[in-house]
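Novice: Once you've looked at the hints, go ahead and assemble the two chains, each given alone in its own frame, into the complex.
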Amino acid sequence: MKQSTVTIPSNLLRTRREPSKGWAWPKFRELWEFRELLFFFAWRDIKVRYRQTVMGALWAIIQPFFTMVIFSLFFGRLANIPSDGVPYPVFSFAALVPWTFFANALAQASNSLVSNANMVKKIYFPRLALPIATVLAGIIDFALAFVVLLGIMIFYGLVPTVNIIWLPLFALLALVTSIGVSLWLAAMNVQFRDVRYTIPFLTQAWLFVTPIAYPSSMLPESWRIVYGLNPMAGVVEGFRWALLGTDTAPGKMIIISSLVAITVFISGAFYFRRMEQDFADVL
Amino acid sequence: MSIAINVDGLGKTFQIGGKQKSYYRLTDQLVDTIMAPFRRAGNLMRGQAGGAADLNETIWALKDVSFQIKPGEVVGIIGRNGAGKSTLLKIMSGISDPTQGYIDIYGRVGSLLEVGTGFHPELTGRENIYLNGAILGMKKAETESKLDEIIAFAEIDKFLDTPVKHYSSGMYVRLAFSVAAHLEPEILLVDEVLAVGDMAFQRKCLGKMDDVAQAGRTVLFVSHNMGLLQQLCERGIFLQHGTVHTDGTIIKAVDAYLQTLEQAKSQDLSKRTDRKGVGDARLVHAEVTTHGNGPSSILKTGQPARFVFCVNASVPGIACNFFIYDSIGQPVTSFYSRVRGPDDTFDPNNDLTFVCDLDEFLLLPGRYRIDVAIVGDNKLQDFIEAAAAFEVADGDVGGRMAQHDGKFSVMLAHRWTLPTR
Numbered sequence: 078m079k080q081s082t083v084t085i086p087s088n089l090l091r092t093r094r095e096p097s098k099g100w101a102w103p104k105f106r107e108l109w110e111f112r113e114l115l116f117f118f119a120w121r122d123i124k125v126r127y128r129q130t131v132m133g134a135l136w137a138i139i140q141p142f143f144t145m146v147i148f149s150l151f152f153g154r155l156a157n158i159p160s161d162g163v164p165y166p167v168f169s170f171a172a173l174v175p176w177t178f179f180a181n182a183l184a185q186a187s188n189s190l191v192s193n194a195n196m197v198k199k200i201y202f203p204r205l206a207l208p209i210a211t212v213l214a215g216i217i218d219f220a221l222a223f224v225v226l227l228g229i230m231i232f233y234g235l236v237p238t239v240n241i242i243w244l245p246l247f248a249l250l251a252l253v254t255s256i257g258v259s260l261w262l263a264a265m266n267v268q269f270r271d272v273r274y275t276i277p278f279l280t281q282a283w284l285f286v287t288p289i290a291y292p293s294s295m296l297p298e299s300w301r302i303v304y305g306l307n308p309m310a311g312v313v314e315g316f317r318w319a320l321l322g323t324d325t326a327p328g329k330m331i332i333i334s335s336l337v338a339i340t341v342f343i344s345g346a347f348y349f350r351r352m353e354q355d356f357a358d359v360l
Numbered sequence: 334m335s336i337a338i339n340v341d342g343l344g345k346t347f348q349i350g351g352k353q354k355s356y357y358r359l360t361d362q363l364v365d366t367i368m369a370p371f372r373r374a375g376n377l378m379r380g381q382a383g384g385a386a387d388l389n390e391t392i393w394a395l396k397d398v399s400f401q402i403k404p405g406e407v408v409g410i411i412g413r414n415g416a417g418k419s420t421l422l423k424i425m426s427g428i429s430d431p432t433q434g435y436i437d438i439y440g441r442v443g444s445l446l447e448v449g450t451g452f453h454p455e456l457t458g459r460e461n462i463y464l465n466g467a468i469l470g471m472k473k474a475e476t477e478s479k480l481d482e483i484i485a486f487a488e489i490d491k492f493l494d495t496p497v498k499h500y501s502s503g504m505y506v507r508l509a510f511s512v513a514a515h516l517e518p519e520i521l522l523v524d525e526v527l528a529v530g531d532m533a534f535q536r537k538c539l540g541k542m543d544d545v546a547q548a549g550r551t552v553l554f555v556s557h558n559m560g561l562l563q564q565l566c567e568r569g570i571f572l573q574h575g576t577v578h579t580d581g582t583i584i585k586a587v588d589a590y591l592q593t594l595e596q597a598k599s600q601d602l603s604k605r606t607d608r609k610g611v612g613d614a615r616l617v618h619a620e621v622t623t624h625g626n627g628p629s630s631i632l633k634t635g636q637p638a639r640f641v642f643c644v645n646a647s648v649p650g651i652a653c654n655f656f657i658y659d660s661i662g663q664p665v666t667s668f669y670s671r672v673r674g675p676d677d678t679f680d681p682n683n684d685l686t687f688v689c690d691l692d693e694f695l696l697l698p699g700r701y702r703i704d705v706a707i708v709g710d711n712k713l714q715d716f717i718e719a720a721a722a723f724e725v726a727d728g729d730v731g732g733r734m735a736q737h738d739g740k741f742s743v744m745l746a747h748r749w750t751l752p753t754r
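Chains A and B, in that order, are what the protein sequence lines are. The opening residue of the first sequence carries number 78 in my numbering; numbering runs sequentially from there. The opening residue of the second sequence carries number 334 in my numbering; numbering runs sequentially from there.
Extracted from the complex, chain B is given alone in its bound form (with noise of 0.2 Å):
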C-alpha cells in the first residue's frame, strides 16, 4: 500500500480570551481599559507572548488525530462546527502549524479553502487569474497554458478585461472556482466551496471535482452537505471534539454524525458549545409544535405547524434564518425572517422570541433536523447545527393521503384532470 497523506498523533491548541468581564459601572470599565497595556505588558513578561490579547484559555481543536489517505482517495471530512475539520485542512496546507504530532504529505497540494480569497476587486479578471494561479502555486506557463480552459469553464470572457470589483457575485465565485479547479496537485483540499454559484454551475463543479477524482488525484472533501459527500466520497470521516470518532466507508461516517445530531438535540441549546458566530446574540431554546395543540415534535403532513425560537438579547436587525434537512442530511428547504410577507406581525410583548407558523405544513413522514442561524447588527450572530429534530407522522394534504417515499421530501396540494375513463 502506498500513501498519500499520513497524519500521525495530530493536535492543535488554540489559546481563546477568558469569558468577557461585565462592567458595572463606567469607572470599573475606564480603569480597566487604562491598566490594560500594564497587565498586559505583565503578561508578556511572564512569558505569555500573547499580544494585545488576554489570554486564559487553551482548547484542544485537534487531538490524537490519526489516519492515512492512499493516492486517489477521495475522502470526506465531516463533523459540526468546531469539531476542527478547517483546522485540520489548514495544517495540511501549511496555513497553520500543528502543536503535537505530524502530517506528511507525498506530492503537491492543493486548496480550495476559500474560493477568491487571492482575488484584488481593482484587477481584470484576466489579471486576477494569473495572480490567483501564482497563489495558489501555479507557475505563470502554467496558468498560461490553460487560461483558455479557465475562461470557458468560468463563462466570463465577456468580462475578461474588466475589473472584478463590477463583476455580479456569480461570476465573481465562476471565476475564483475555475481557476482553483484547474490547479492541477496530487492532492486537493477542499473546504465547503461548492455552496455558491447558481445550481447549473454547481453541477458543472461537481462534474469538475468528480473528474479531479476520476484523474486518480487525492481529494479531501470538508461539506456540510451529506447528500453530495455521499455522491463524491468512498470514506469517511467523522470528527468529533477534535478527535476522529469515525473512520470508514461514507454511508457509515455519515449515518455515525447523524446519530451524534440527533443526541445533540436533546441538549440544551445554551450549553451546546459547537457554535458559531459573534455571539451578542444566541439562540436558547428552539420548539416544533402542532400549532395550538400544544408541545408535540410529532406533527402530521397536511396539518399546521409551528416554529419558535427564543434567543437570549436582542441586537439591531436581528433576524432567524432556520434551514430543515432531511433524515439522510439533504436540505429540503429554508425561512428567513428578513424577507417580509404581507401577514407578518409585530409581537409588541416580547422581542426576544421568533414564531413562525405553517398553515398547511407539506413535508412528507419522515425524520427531520432544524439548523438555525441567528443574523442581526450586519453578522452572524449565532449558527447552530441540529438546533431540533422533529417527526413527521402520515397525513393528508387537501384529502390526499401523504406517501412515505423514502427518497422525497415534499408534497404540494394539486388536482388532477384525468382522461375519462
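In isolation and in its complexed conformation, chain A is listed as follows (with noise of 0.2 Å):
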C-alpha cells in the first residue's frame, strides 16, 4: 500500500473525515473549543434582535408585562383563580418571566438552524453553537424582565426569602429545559419544517401545563410528582417558592424536575448529533 511510504506528520493534529455511525457522542469538546463563537453568536443575535424597533429592549420587558395584566384580569379577577396568599399580579409575574424565557428560546432556537442555512451549509462550524447561542441570548432579556419582577415585588412590599439562594439553581434549570427542548426542535426542524407550524400550538399547550395562570396547590397533592414531570412546572414553583415564599415548595417535584430536564437535554444532544451530518445536505 501507499501507507507505507508515508511519514505521519506527529506534530500537526490529524482530523478525521468519514461516514457517520449512527448513534455518537455530541461534540460538546469541539463546542468548547469554539467557545467564543458561541459568544458571538449569542452577542449577534441580541445586538440583532431590537435593531429597527421602535421599542428596543422594552419588548422584553413588554410581553411577559402584558401577558401578566391580561392573567390578572382574567384569571386573577374575573376567575378568582388563587394565588398562594400573594397578589395575583406578582404571583403570575414570577411564573412569566422564566416562561418567557423559555418559551422565546423555544421560538428562536428551533428556526436558527434553518435561519442560517447559508452558513450552515457552507462554513464548518459546531452546529451545537447556533441553537445554543440563540438561547444563552435570551439571558439579556430574561435579566430584564427579572429587574422588573424586582421592582413589582418592591412596589407590593414583598421581600424575597431566605429561599432565593436556590434561585440560580432554578434558573439553571429552565436553561437546561430551554437548550434540551431547542435542541431537539431545531434539528427536527431541518427535515420537517412542519416543526415551525407546530410551536405555537406546543408553547401554547405548554403553558396551560404549567402552573404559571394558577398554583400547583390547586392540584391533588399526589398530583404534583407527576406534575413535575413538565420541567417547566418546577422551575415555575421553584421561582415562586425562592422569591415570594409561597409554600408548595418544590421538593420532590423539583428533583424529578431537573431528572427530567437533563434527560431531556442530553437526549436532545445526542438526537442532533445523529441528525447534524445531514444538515448541510438537507438544507
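By construction, these hints were calculated from the structure, which means they are not laboratory data. Any given hint might turn out to be false.
Unchecked claim - List time: in silico DSS-like cross-link candidates among lysine-lysine, alpha-carbon distance up to 27 Å:
id: 1; chain 1: B; residue 1: K472; chain 2: A; residue 2: K124
id: 2; chain 1: A; residue 1: K124; chain 2: B; residue 2: K498
id: 3; chain 1: B; residue 1: K396; chain 2: A; residue 2: K124
id: 4; chain 1: B; residue 1: K585; chain 2: A; residue 2: K198
id: 5; chain 1: B; residue 1: K609; chain 2: A; residue 2: K198
id: 6; chain 1: A; residue 1: K198; chain 2: B; residue 2: K472
id: 7; chain 1: A; residue 1: K104; chain 2: B; residue 2: K473
id: 8; chain 1: B; residue 1: K498; chain 2: A; residue 2: K198
id: 9; chain 1: A; residue 1: K124; chain 2: B; residue 2: K609
id: 10; chain 1: A; residue 1: K104; chain 2: B; residue 2: K491
id: 11; chain 1: A; residue 1: K104; chain 2: B; residue 2: K472
id: 12; chain 1: A; residue 1: K198; chain 2: B; residue 2: K396
id: 13; chain 1: A; residue 1: K198; chain 2: B; residue 2: K491
id: 14; chain 1: B; residue 1: K396; chain 2: A; residue 2: K98
Specialist: So, in C-alpha cells, the structure goes:
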C-alpha cells in the first residue's frame, strides 16, 4: 500500500472525516474549543434582535408584563383563581419571567439552523453553537424582565425570602430545559419544516400545563409529583417559592423536574449529533 | 514523504427527488397534495427517513476518490459542473460527511468556500470581522492582532463602523475575502472566490494566494478559470462524474479537462446532466454559424457571425448570457441579452430562440468554446459549460490580415498614421 511510504506528521492535529456511524457522542468538546463563537453568535443575536424596532429592548419587558396584566384581569379578577396568598400580579409575573425566557428560546432556537442555512451549508463550525447561542442570547431579556419583577415586588412591599439563594438553581433548570427542547426542535426543523408551525401550539399547550396562571396547590398533592414531569412546572414553582415564599416548596417535584430536564438535554444532544451530519445536505 | 491530506476511497451519495410529476387535471393535483403527508408518513414508517422530500433516486457525487497531498502543495481541482469538486471540499472542511471512505487531514483547515456567508448585514464592518473570524475558527486575540492588516487589505477603514448593509458589493466582498485570507491554517481550501471584486482587487487577492502558497501552506483550489489555475498551481486533479480522471501536473490536468469539454460539445445538449440552475427553462440547442451562409462552425476573423440559442420553455424575464473562452480556457468576452442596445429587436414569431448577430467577428484564428447561462424569473435557470465550440479561420479586419497569435485572441479594427518614409 501507498501508506507504507508515508510518514505521518506527528506534530499536527489529525482530523478524520469519515461516515458517521449512527449514534455518537455529541461534540461538546469541540463546542468548548469554539466557545468564543458561541459568545459571538449570542452577542450577534442580542445586537440584532431589537434593531429597527421603536421600543427596542423594552420588548423584553412588555411581552411578559402585558401577559401578566391580562392574566391578572381574567384569571385573577374574573375567575378568582387563588394565588397562594400573594397578590395575583406578582404571583403570575414571577412565573412569566422564566416562562417567557423558555417560550422565546423555543421559538427562536428551533429556527436557528434554518435561518442560518447559508452558513451551515458553506462553513464548518460546531452546529451546536447556533441553537445554544440563541438560547443564551435570551438571558439578557430574562435579566431585564427579572429587574422588573423585583420592581413589582417592591411595589407590593414583598421582600424575597432566604430561599432566594436557590434561585440560580431554578434559573439553571430553566436554561437546561430550554436548551434541551431547543436541540430537539432545531434538529427536527431541518428535516421537517412542519415543526415551525407546531411551535405556537406546543408553547400554548405547555403554558397551560405549567402552573403560571394558577398555583399547583390547586392540584391534589399526589398529582404534583406527576406534574414535575413537566420541568417548567418545577422551574415556575421554584421561582415562586424562592422569591415569594409560597408554601408549595417544590421538594420532590424539583427532583423529578431536574431529572426530566437532564434527560431531555442529553437525549436532545444525542439526537442533534445524529442528525447534524445531514444538515448541510438537507437544508 | 510526509502528507497533509490523505483521501482514501472517498464516496458520497445524494438522494434526489424523483422526476417531477406533471399534473393533467386540477383534481389530480389536489388529491396528490392531500395524500402527500400520508405518503411521506408511509415512507418514514418504512424507514426511509427522508423527511419532507419524496426520495427516489440515489446519485454518487463522488465515488472511489483517492489521492494524497503533500504539505506545501498548491493543487487545482478541475471539473465540470456536478463533477464533485464542491462536494469534495465540503467533506474536507467537515460541512458534510462522506458516505464511504475517509479523508485524513493533518493540521488546521481553513476554507474559503464562499466569502461573506457569515456576515450579518446589521452589524458593522468591525463587528463582522470578529464574528466572521470566530466562524472561521480564529480566536478573538488572533483576530485582534490582525485587525489592522485586515482593514488595510480590505481598504474599508473609513466605513469600519458602518453596518455592512450599507456597503457596496465590492466593499463587502473585499472585507469578506480579507478576513478569510488572514486566517493562518496549515491547509486552505478555496472555492471559486476570486471571481469577485474589481480587477485591481482580484490581482491583490491573487498576490495574497501566492503568498499563502509561498509560505509553505497547502492550498486546494477549485476554479473554472484555467488560466488562473495554471498560474497558481503545480498540480491538478481533474474530477469527472465524481471520480478522479487525471491527477498530475496542472498542465496535464487542464489539457485533459479541455479535451473532455471538446467531446462534451458534440453531445446532444438536452441529454447533458452537468448543468446548474433551477431548470424551468433549459438550453436545448446552441449553434454558431456564419451569418446567412448556412450552418458552419468555421468562422472567419472579420466576417459576420451568428450565435443561436434555443430554450425549451419561456419564463418571465428570460435572458441569455454567453461567454467565450479560448483554447486554454481563458475568458475572452461575454454577451448578455438583458443589456439592450438600440438595434435589438423582438421576433414576434417565437419565444424560445435567442439570436445574436455580429457584423464583424473580431476574434483571432483558433478554437473557442461557449458557456451559456439562461436566466429568468430572477433565478439562474440553466448553466452549461461548453454548450458549443467553434473554429475561427484566418480572415481580415478592415482589409488587414488577422495574424494568428497563441497569446492574444482579439483583433480590433484600427488605422495607423505613420511617420513619412
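Novice: Please go over all the hints and tell whether each is borne out by the structure.
Specialist: Results of checking the hints against the structure:
Only pairs whose Cα atoms come within 27 Å are accepted, and K472 (chain B) paired with K124 (chain A) is accepted, the gap being roughly 21 Å. With a C-alpha separation of about 15 Å, the suggested pairing of K124 (chain A) with K498 (chain B) holds against the 27 Å cut-off. Of the pairs offered as hints, the one joining K396 (chain B) and K124 (chain A) is violated, with about 45 Å between alpha carbons and a cut-off of 27 Å exceeded. Note on K585 (chain B) and K198 (chain A): the hinted pairing is violated, with a Cα-Cα distance of about 32 Å set against a maximum of 27 Å.
Annotation: proposed proximity of K609 (chain B) to K198 (chain A) holds, straight-line Cα distance about 17 Å (limit 27 Å). Of the supplied pair hints, the one linking K198 (chain A) and K472 (chain B) holds, its CA atoms being roughly 22 Å apart against a limit of 27 Å. The straight-line distance between the Cα atoms of K104 (chain A) and K473 (chain B) is roughly 21 Å, inside the 27 Å bound, and the hint therefore holds. Of the supplied pair hints, the one linking K498 (chain B) and K198 (chain A) holds, its CA atoms being roughly 22 Å apart against a limit of 27 Å.
For the hint pairing K124 (chain A) with K609 (chain B), the CA-to-CA distance comes to about 37 Å; that exceeds 27 Å, so the pair is violated. Distance hint between K104 (chain A) and K491 (chain B) is unfulfilled; the C-alpha atoms sit about 40 Å from each other, more than 27 Å. With a C-alpha separation of about 19 Å, the suggested pair K104 (chain A) and K472 (chain B) falls inside the 27 Å cut-off, and the hint holds. Distance restraint check for K198 (chain A) and K396 (chain B): the Cα-Cα separation of roughly 21 Å lies within the 27 Å cut-off, and the hinted pair is therefore satisfied.
The suggested pairing of K198 (chain A) with K491 (chain B) is violated, with an alpha-carbon distance near 32 Å, which exceeds 27 Å. For the suggested pair K396 (chain B) and K98 (chain A), the alpha carbons sit about 19 Å apart, so the restraint of at most 27 Å is met.
Of the numbered hints stated above, those contradicted by the structure are hints 3, 4, 9, 10 and 13, listed in ascending order.
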